[in-house]
Amino acid sequence: MKRKPIVGLAIWTLVATTWAMNALAGDRGERATVGAPAPTFTLEDQNGRPVSLSDFAGKIVVLEWVNPDCPFVQRHYRAGTMKRLAEKYQSKGVVWLAINSTHYMDKEDNRRWIEKYKLPYPILDDHAGRVGRLYGAKTTPHMFIIDTSGKLVYRGGIDDDPRGTKNGGALNYVERALDELLTGKPVSISQSKPYGCSVKYAEKSTAY
Amino acid sequence: MKSSFAVFGMTLAVLAGVLNEHPVNMEVPASGDEYHLGDVPNDHPVKAQLLADVSGIHPGQTFTLGVLFDIQPGWHIYWQNPGDAGLATTVTFAPPEGFQLGKLQWPLPEKFIEPGSIITYGYTNRVLLMATVRAPDDLHPGSTVELRARAGWLCCRKICIPGQTALRLELPVGRSRSSPHTALFTAWRSRLPRPITEDEHLGRLHIEGGFSRSETATRITLTLDWTSAPAEIEWFPAADPALSVTPATIRSQGRRTEIAFHVSILPERTLPESFWGLVVYRTPNGHRMGITIPIPLRAEAVSGTTSSTKRRMP
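Protein chains in written order, with the working numbering: chain P, 1 to 208; chain S, 1 to 314.
No lab work stands behind these hints: they were computed from the structure.
Using N, Cα and C, we set each Cβ at its ideal position, and we do this for glycine too.
Hints may contain errors.
[Said to hold, decoys possible] Using C-beta positions, here's what the derived DEER-type ranges look like:
hint : chain 1 : residue 1 : chain 2 : residue 2 : range
1    : S       : Arg157    : P       : Arg176    : 33 to 39 Å
2    : S       : Arg298    : P       : Ser188    : 53 to 59 Å
3    : P       : Pro186    : S       : Arg282    : 47 to 53 Å
4    : P       : Arg176    : S       : Gly102    : 36 to 42 Å
[As the list claims (entries may be wrong)] Only pairs whose alpha carbons sit at most 30 Å apart, straight line, appear in this in silico DSS-like list of lysine-lysine:
hint : chain 1 : residue 1 : chain 2 : residue 2
5    : S       : Lys158    : P       : Lys83
6    : S       : Lys111    : P       : Lys88
7    : P       : Lys185    : P       : Lys166
8    : P       : Lys107    : S       : Lys47
9    : P       : Lys118    : S       : Lys111
10   : S       : Lys103    : P       : Lys204
11   : S       : Lys47     : P       : Lys166
12   : S       : Lys103    : P       : Lys107
13   : S       : Lys158    : P       : Lys116
14   : S       : Lys111    : P       : Lys193
15   : S       : Lys103    : P       : Lys193
16   : S       : Lys158    : P       : Lys204
17   : P       : Lys107    : P       : Lys166
18   : S       : Lys103    : P       : Lys88
[Said to hold, decoys possible] Chain P is faced by these chain S residues, among others (derived, beta-carbon under 10 Å):
hint : residue
19   : Gly86
20   : Thr90
21   : Lys111
22   : Ile161
23   : Ser264
24   : Leu271
25   : Pro272
26   : Glu273
27   : Trp276
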């Protein structure tokens, strides 16, 4: 008898939370909702090789929206934020995919960025913006994490330091979420406000 | 409405011609740490200057300081809530000890919608961010007061470029003197949002929604009854690191406007007591006006909240 209200509250909270998440993402026709299966896609990497999300079924996948022209991205690349995380978790089976939805950039721009920073991960060419719009990527950087079951478990900023003034004291949401996933825990911060430059999308994009 | 802006721009351009006369205004090397985004090139699209609405101050005087941002065509900087992307502009005034500094005042922002439904809020062309300052009573006539400010911004067009600067302004202590910038400050004051009690066009506001205990999401509906139907109604929500706020749907019929949006608490954040936003509209004679709307977030504090302004409904 005594447990009923708690169970009731738990179910009710779950319903409310799911509704909240839908409310967060749903109004703008985005399909990448935390707790729901991540939308599938196929894009070409910097060498023209097709890369599909389904290639990595059963693995944790990190998606990073990137734009080499964006000062927020430049700051994180100078600091090695993304490269350090990608290398740290690569040995633990985590896949890192950067996606460039900047409408005026191509595979050559992506290749140059990879060479400049000796990146251990590909940059996928989404200059038509279809996958960016599908995920509702708003900023560069904008981060998404997909768990081993293919569910989206995080969407938001790379950390809590939009101005880059915390000098090592920033909370890196992606690092925290990956540590939790790799130790079998639920992601405690599944959503945060992303920051950065707006994604420079093409004016018109066909539905993916 | 376009023409009124053009006239306004011309007035400012005329005023700008006398900016260099007095008071002293110079840039000093930036020592602030608001931004660590990169170096600012010489041909930066934004110029910032520190100005006052007086050119001399007397002991105990209240005056206004402002940082005037001149923004090249095509570029924009951001409001205190940048929206989906960007970064809030920062202005930190640093008057000497003994001066009392008021809150930073932000003129009505514009809304930008970029491809991909990216909504941001900010300013184009020109904006003056202001704060009132009260001088201490024990200032020595004949001395000079040095006022400092730091400004930081992100400006965006096709790409985004950060900027920051440290600014300095010297004012003589003596009799209060008007400044060539007085009209500029008056013009920008008229573009500040007003408190709900000072608005002449809103008759009644009714707020529905709010978080009940343990709820993580709610739908807030503002019902505004106007004394005369305004045009171009816009909603600018404040920024709160604990909240996610969806774009609002705005419906107007006759003299009634309904503004509805969802608010969710982000994971591991606690519900702030209150929230606010700006309702911006254009009056029948073309003036763009804004009202600051405070929104309590706890359901018990919200539901059925009705504010009547000093004007009664006709």
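Checked hints:
1. Arg157/S / Arg176/P: 33 to 39 Å: 35 Å, holds
2. Arg298/S / Ser188/P: 53 to 59 Å: 24 Å, violated
3. Pro186/P / Arg282/S: 47 to 53 Å: 48 Å, holds
4. Arg176/P / Gly102/S: 36 to 42 Å: 39 Å, holds
5. Lys158/S / Lys83/P: 26 Å, holds
6. Lys111/S / Lys88/P: 41 Å, violated
7. Lys185/P / Lys166/P: It holds: about 27 Å lies between the C-alpha atoms, which stays within 30 Å.
8. Lys107/P / Lys47/S: Not OK: Lys107/P and Lys47/S at ~36 Å, beyond 30 Å, violated.
9. Lys118/P / Lys111/S: 39 Å, violated
10. Lys103/S / Lys204/P: Cα-Cα ~42 Å, so violated.
11. Lys47/S / Lys166/P: 27 Å, holds
12. Lys103/S / Lys107/P: Measuring from Cα to Cα gives roughly 48 Å; hence the hint is violated.
13. Lys158/S / Lys116/P: 23 Å, holds
14. Lys111/S / Lys193/P: Between Lys111/S and Lys193/P the Cα gap is close to 19 Å, so the pair holds against 30 Å.
15. Lys103/S / Lys193/P: 26 Å, holds
16. Lys158/S / Lys204/P: 16 Å, holds
17. Lys107/P / Lys166/P: At roughly 34 Å apart (the allowed maximum being 30 Å), Lys166/P and Lys107/P break the hint.
18. Lys103/S / Lys88/P: 45 Å, violated
19. Gly86: 7 Å, holds
20. Thr90: This hint holds: Thr90/S lies near chain P, its Cβ roughly 9 Å from the closest one there, short of 10 Å.
21. Lys111: 13 Å, violated
22. Ile161: 7 Å, holds
23. Ser264: 4 Å, holds
24. Leu271: Where the cut-off is 10 Å and the nearest Cβ of chain P is about 12 Å from Leu271/S, the hint is violated.
25. Pro272: 14 Å, violated
26. Glu273: Violated - the Cβ of Glu273/S stays beyond 10 Å from chain P, reaching only about 19 Å at its closest.
27. Trp276: 17 Å, violated
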